[in-house]
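These protein sequence lines are chains A and B, in that order.
Per our numbering, the very first residue in the first sequence carries number 30; after that it's consecutive.
Per our numbering, the very first residue in the second sequence carries number 418; after that it's consecutive.
Possibly wrong hints are sitting among the right ones.
[Said to hold, decoys possible] EDC-like mimics (lysine to aspartate or glutamate), calculated; alpha carbons at most 20 Å apart, straight line:
| hint | chain 1 | residue 1 | chain 2 | residue 2 |
| --- | --- | --- | --- | --- |
| 1 | A | Lys236 | B | Asp776 |
| 2 | B | Lys531 | B | Asp569 |
| 3 | A | Lys112 | B | Glu719 |
| 4 | A | Lys124 | B | Glu702 |
| 5 | B | Lys518 | A | Glu149 |
| 6 | B | Lys729 | B | Asp744 |
| 7 | A | Lys236 | B | Glu702 |
| 8 | B | Lys793 | A | Asp125 |
| 9 | B | Lys745 | B | Glu726 |
| 10 | A | Lys112 | B | Asp782 |
| 11 | B | Lys675 | B | Glu501 |
| 12 | B | Lys778 | A | Asp110 |
| 13 | A | Lys112 | B | Glu655 |
| 14 | A | Lys236 | B | Glu789 |
| 15 | A | Lys112 | B | Glu779 |
| 16 | A | Lys112 | B | Asp774 |
| 17 | A | Lys179 | B | Asp782 |
| 18 | B | Lys588 | B | Asp660 |
| 19 | B | Lys756 | B | Asp774 |
| 20 | B | Lys633 | B | Glu655 |
| 21 | B | Lys793 | A | Asp141 |
| 22 | A | Lys236 | B | Asp744 |
| 23 | B | Lys793 | A | Glu118 |
| 24 | B | Lys729 | A | Glu149 |
| 25 | A | Lys236 | B | Asp751 |
| 26 | B | Lys745 | A | Asp115 |
| 27 | B | Lys650 | B | Glu622 |
| 28 | A | Lys236 | B | Asp782 |
| 29 | B | Lys778 | A | Asp202 |
| 30 | B | Lys745 | A | Glu114 |
| 31 | A | Lys179 | B | Glu779 |
| 32 | B | Lys745 | A | Asp202 |
| 33 | B | Lys793 | A | Asp153 |
| 34 | B | Lys643 | B | Glu702 |
| 35 | A | Lys112 | B | Glu742 |
| 36 | B | Lys793 | B | Glu719 |
| 37 | A | Lys236 | B | Glu622 |
In short, the hints are calculated from the structure, not lab data.
Given next are the chains, with one letter for each unit.
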Amino acid sequence: MSENPQTDNSPAPSRRSLIGWGGAGLALGAVAAGGAVAMTRGGDDVDTVAAEAGAAIEFHGPHQAGISTPVQDRLHFAAFDVKTEDRAEFVQMLKDWTAAARRMTGGQAVGDGAFGGLAEAPPDDTGEAVGLKPSRLTLTIGFGPSLFQKFGLADQQPDALVELPHFAGDALDRNRSGGDLCVQACADDPQVAVHAIRNLARIGFGKVVIKWSQLGFGKTSSTTPEEQTPRNLMGFKDGTRNIAGTETDRLKKFVWVDEKAGPDWMVGGSYLVARRIRMHIETWDRTSLQEQEDIFGRDKGEGAPVGKAKERDEPFLKAMKPDAHVRLAHPTANHGSTILRRGYSFTDGTDGLGRLEAGLFFLAYQKDVREGFIRIQRNLATDALNEYIQHVGSAVFAVPPGVRDKDDWWGRTLFSKEA
Amino acid sequence: MRAVRLSAVTATATVAALTALTGCTEKGGDASSDRVINVTATDSKCEVSTKEFPAGHVELAIENKGSKVTEVYLLFPDDRIVTERENIGAGTKQRVTAEVKAGDYTIACKPGMKGDGIRQDVKATGGTAAKRDPRLDKAVAAYRTYVQEQADATLPLAETFAKAVKDGDLKAAQKAYAPSRIGWERTEPVAESFGDIDPKVDVREDGLEEGQDPAKDWTGWHRLEKSLWKDKKLTARESELADQLITDLKNWQTRVGKANITPTSMANGAKELLDEVATGKVTGEEERYSHTDLVDFKANVEGAEKSYELLKAVAKENDPALVTELDKQFAAIDTLLDKYRADKTSYDFTSYDKVGDADRKELSDAVNALAEPLSKLAAAVVVK
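The following block holds chain B by itself, in its conformation from the complex:
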């Protein structure tokens, strides 16, 4: 498989080299200006200088002539993002570039950075056609739905948790803590892709950046975890933190469905979920006060399994042995985790401080056994 792919790459490179040679005298002329698309955004319009352009390196020259901050997206037909630029202030210009293969696209301007935006259909022509596997588009769409569902389902659980904190009900808050995190843990790589939400809701004290004050700047689940299990008291500060958590999670809920998701990012996201388990959960570091690490562990595995299941049909064609191995290792880790809960429908897992060193090693071995083949999933869903 690989040799074929390499020769295809070589062929493409040769074509590119020829193009470069013939095109060099026209440098700065029409050949390159063809690929600059002027996008003029206002509060009610999204005008583009051309609706058809040659495939290849494309530059969007964006000018915001409106009164609101806007953002501009170049999208695949299924709304996957090719490239984007956020926070384009009123009266400012921005440039953004992308490698675009032949096919249909949409340019969307979002005045006020809200909603679906004002859209223009565009077309990239010539060059190599973007080979698209409709099954992968469906997988991405299904996964997008999944991450949104997880966020939607998390909010009420988080609100229950926040209410218990604000009511000063230590016991109820402790009980509601782990369940409120499951949806987040299932889809964490997507949430992390936004950059700003994760440090607010899921940071641990030692994850604070230099110069941050734990008393002021440490927010989110783990800060409350410490109050609930270590300090064992709930004050006005904890109520504030509970409100803040809900605000931040709502931000996540509104943005998560728009995340840049591709088949390879789904595959690598699955691997990253296992990495989360390997570095944070098997060590007991993640939930050092509540010891609910196995709940996160299970949720991470479920999230990874979701991505995998959606990509499986394509992966099976490209690398059947990999799929056999992944099926086996997912089953093995699920069986192993079931040892730590009495009821397979509940998320009441053994407290991690009760899990001995030998059992932790066994869990760690199972994570390695799954994560290693999972790291090969992305290559198996690359469109060849």
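Chain A on its own, in the form it takes in the complex:
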């Protein structure tokens, strides 16, 4: 349904109509956004229709969209390095980015659009998303630890934002790791996500440069338990117990930074860990079904934990092998720690040896990186799955709170003196 280009009763306007109708388009955008907001509160039928038609997700709010938002199908993630040393110039870019993000997530073109402007100048918008629906695009910005070494921000770096330690088995590629800032673009249409990153990169030229980026498809985690749990490229359901967008209490406990956790500028924000996890697909595919199921601690068909019948049955960890993935990753094995995952599969063609260059682009949000990803990943050192995967890229970011309204901008709480 989400790829259905036109339905007569579609509640979501196309980008073209939004661009062309001016005021009317804005009104329609507001309606679509309203529907999406209602949807995140845990949808009735009307809201589901809005989601399937590729509606707009509200850009403004106490938290950035793209974290507890129902996971979209596609990803374009980009890490940037800051080139400018001029704080005012960087802040202006953040404002320009915010304005562009506000428009793009609303299904509108950047600036004066992709056509109809001056013949002698390149258009403001690159144009490849014209005619496409907003496609539930969310854009989420994060600041890496290295950013705090710039612009005199060292004393603003949150304690919870630490560089990740070296984990057993890591084979990190510097060219796929780190970054002063990141933008996560999620959408149901890959072209909409790519369009967003491309336009932000363009606005950023001279101020920031893309350090690395990653495309993802086939979400591997769901924040909507009423949907089927998606499968990863190993063919297993992943993230059955992921924190749902509707679980206010668990989000509050594990994901959103509060006044107590601080610092002030991060309240309402979260911390993001991104890991590019290469899968040794070919050797995995030669592994017996029994071993595959033992490694995960779930069966492959239903996804039920060992000894249980249904996917969502409470796992009995002791029934699993001591090195089973679910057993080691489960909150009870990690002092109750849990994280919100919204990772994606990736396949970047094949490597020089003809092996699929594929795996999981893992994205995890948590209140504190030390108690979230680091604790869990350390516990996974003996994971039987490690024989079939390798972490090849890594980055961590502080994801500031949401943009409140049309006058607010990404990073204001950190960069604005009034904050």
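Chain A is already provided as a structure; the job is to place chain B on it using the hints.
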């Protein structure tokens, strides 16, 4: 600024629509025939049917009654080309059209396609007057001089290079190679506007068209580059190629000053020079045997900077923030490039195969940082 411009466009469109309505009954009659100018060219004359015509859509109906192949130009007073038609054979007719704003123009016929031509002054009247900024006319004229100077200065350097090739002096030829290309690289978009010269002098092997034979059809600098650095031998074929290069460059030298240059083509040409850097030089693809990519890189940036400097005064009025940004980015890229040469007066740059991936990324980032604002220069010099 933009809103004002749009409303002006709308107003023009409205006028045009009214004109179309009132004029529709006269279709095919006087109203349209007014705008056809018959140009009769001979070996010694250039006669025009009218010297005054209404501004707007104009058609030149050209008949060559002479014995030589001719070409006909409609020119602005500063010799910028409004429209042109080349290769009009003896005894043939050609038609060429243009949108002409009110103002003074010149029609020139060039029997034998040589020289300044036989000229007639004409005038377009009524309609919207072509708004012309004399500073831009001066910029175009100065840039025209610059491209000619670059071609003139290139020839002796290219001859030195060609001589070394013909003498079989590998070392001297290698040394003379990169300097012989600087003038060309500074003004490449103008040279490319002729279409036929660039594929002869600056094509790389993989740029040959389908059906072309590298052994026969691949000529120019890069073909010799391969001989000098990869094959490391100079034969009779290389001597032929050296002669051919000089012939082709002389063709460029005689034509470059007549290129169609406008303020916007200067601005976009500057951006195209940076595009050349982005796609060919930062990858090391351009000079894959000699690794002299940074020399081309520098020359491309210099050419772009020349256009920019000439257009700057006008751009500054229309978009001061853009000029501030461009000044900053040109300075940044120049500083970065200086890291790769010991002497700032020489063009001895680091061999590009010695430039690591991280440094190449830094150069690429600098090109993007400059090219993005540079793409907005044309809009800033459009006469509003």
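Compare the structure with the hints numbered earlier in the document and write down the numbers of the violated ones, lowest to highest. Violated hints: 3, 4, 7, 13, 32 and 37; rest satisfied.
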